[in-house]
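Colleague: Protein chains in written order, with this note's numbering: chain H, 1 to 442; chain W, 1001 to 1324.
Read the hints as simulated data drawn from the structure, not as lab findings.
Computed list of lysine-lysine pairs in DSS-like fashion (alpha-carbon distance at most 25 angstroms, straight line):
1. W:1072 to H:270
2. H:312 to W:1072
3. H:257 to H:277
4. H:250 to W:1169
5. W:1169 to H:277
6. W:1072 to H:306
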Amino acid sequence: MSLKNWLYALSATAVLTLPAVHDAQAEDSIYVPLFTYRTGPFAGSGTPIANGMHDYLTLLNERDGGIGGVKLIVEECETGYDTKKGLECYESVKPKKPVIVNPWSTGITLPLIPKAAVDKIPVLSMAYGLSASAKGDTFPWIFNPPATYWDGFTQILQYIATQEGGGIEKLKGKKIGYIYLDASFGREPLPLIEQLSKELGFEAKLYPVAAADMQNQSSQWLSVRRDKPDYMILYGWGALNATAVKEAVKTNYPMEKFISIWWPSEDDAKGAGDGAKGFKTLNWHAVGADFPLLADIQKHVVDAGKSQVSGKDKVGQVLYNRGIYNSMLIAEAIRRAQEITGNKVVTGEDVRRGLEGLNIDDARLKEIGLEGFTGAVKLSCTDHNGHFSTFVQSWNGTTYEKVSDYIAPLSDKVGPLLDADAKAYAEKNAPWPARSEACDAS
Amino acid sequence: MLYNIFIDPFVQMVQMPDLLVQTLWEGLVSGVLYALIALGFVLIFKASGVFNFAQGIMVVFSALTLVGFYEKFSAAGFSGHAAAFVALILTAGVMFVLAMLVERVVLRPLVNQPDIILFMATFGITYVLIGLGEMVFGGDPKQMITSELFLPSGSVDVEMLGGLVSFQKIDIAAAIIASAMIVGLALFFQKTRIGRALRAVADSHKAALSVGISLNQIWVIVWFAAGLVALVTGIMWGARSDVSFALEIVALKALPVLVLGGLTSVPGAIVGGLIIGIGEKLGEFYWGPLLGGGIESWFAYAIALLFLLYRPQGLFGDKIIERI
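Go ahead and model the full structure; you've got the sequences and the hints to work with.
Modeller: Here it is, written out as structure tokens:
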């Protein structure tokens, strides 16, 4: 047989045996795909989150041999924050029996909502996605802890009210601008804004920014200059955040009155120089690397050359830690699923139960090596979000500093709206299946 | 409703003339920068008849290369203006190497192939550059080295017309540099021997070859020129936001300019850029709120299509009459 024929034969054998190898791996491992975007217009936000998610799970493999002695197969699929590519990623990972998917895009999450129950793959859309998917009765396969976009909006409103020296009644007569990415994510709070502006008596001014104009927001900020809103709220992503901060500085908009949902990074504020000092965002976890778990990541992953971070200083930044938080939820859900079922190798169905039984208290956070990193997380069969409190952090020119106490969402306002929205979703997508999954969480 | 469309915007213009001037200025700056992006497309289309899909990623790649070189120098203890300009020269060198590679690896083997094949090849170039850029520089956004390149910051605030009009120094610099670049390139291609050769190639590859013009050489020059345009575009847009893969979509803003100005006309790119830039800012600011805002991205195409109703060949395109 000639060398060429040998090569053909070898290639054919490799191709034919690949699925068998994967099946063999699947028997004693847990497959966790990560939908990430390290390229494209939103890579600035996507890359640090991808690094955080990836490094935490890699640490568990390297340090602990996986979870409960079972190795994790961690595989990234590049979505470019593009819904079509995200759905392609979903279809490509589905045959490999993932125990969870993390779409990292509201646009990708929305079409996965009806698929999740059919494919038995839980969807973790951590603090993004459809706010109403917090309702576990209607959406048993979707989880969006620790707070919804609607919760976040009411938390910002309450912060504004305290700045005005009182409760939410202080919002009456105020003009509040909302600048947002004109996509599923940014449009998500619009029904809430419409409702609350009527109830609380503030005037909402909307400034949508198309993805193609993320770096070209002068029109929107000229309108801000004309309308003179008392406060500005930002729901941006990728380069939209950095440009918005720069434009706000350029327009001389007072930074102490410019407050964002939880997505801007250090780089987003840094580019605007000293003028960005005082820019504020919501958050629910610490910034910085001064935690035992992050020290372990540094040692076992970054120093070992198994991370993709571009520099050691990136470990501990806001969005890196956001990725850490996301993977903490994944890991703890898998661990809980192992406890509930008694199986080491768990399935998507098991992890869904694990998520519903998730209970990360302070003692568990300490065991993980994240004591003081964030608040406790407890989900249930009916509440897939938790609606936890967040705090406001302010950019000081170098890093973000916590400048407020924890703020609970306005549950009395958001709760009924979430109920109504979940009901409306089910009616719109009739026949929406009634929940048939048993509840084994306490 | 009719009042809001036909009267109120003009009342606002009269009542707040300072904001009108500010809007026009913002439109002018955007327009010049759009023209710069469009120029990159026009240069390559004129020389090879190819719509270069990779122009957007060339903007990202050149800007990332510039900042990447500078970061390497800084890490080695060299920073400041000299390091920035060395990085600039090295980046220009990288764009030249890229132009040579494109000509040698992509264009030369595909000579005489249908235009659609060449167009698809530029898709290939795009994805190679995306992968290469991500591999070498990562996806983290970077800050443009504006002050190191002597680009100014801050603003010039002028009290006029009962208000304050703010001119950002970086925008003034961007308008001047982009204008100079456009004029320079126009003169280069109009007045020099190479420019005449380019025009000959644009008219007919075969005729140009028959009189001894090297097609390969022209392609390298044109792709290099487009690379330099991409570099300047990347610096200017990067200074307004950050240097990240998001710059890639800035190139989309050139499409309505090309629809309006034509793919083969340098003056068309300039005038088209200005019309689109000013038109979309006026549209978004005065009429946008009536339509819920965020109309800029499609309003530019509406302006272009409106013009095309009256001049289907584009602003400066030749009327093509074919005998059938």
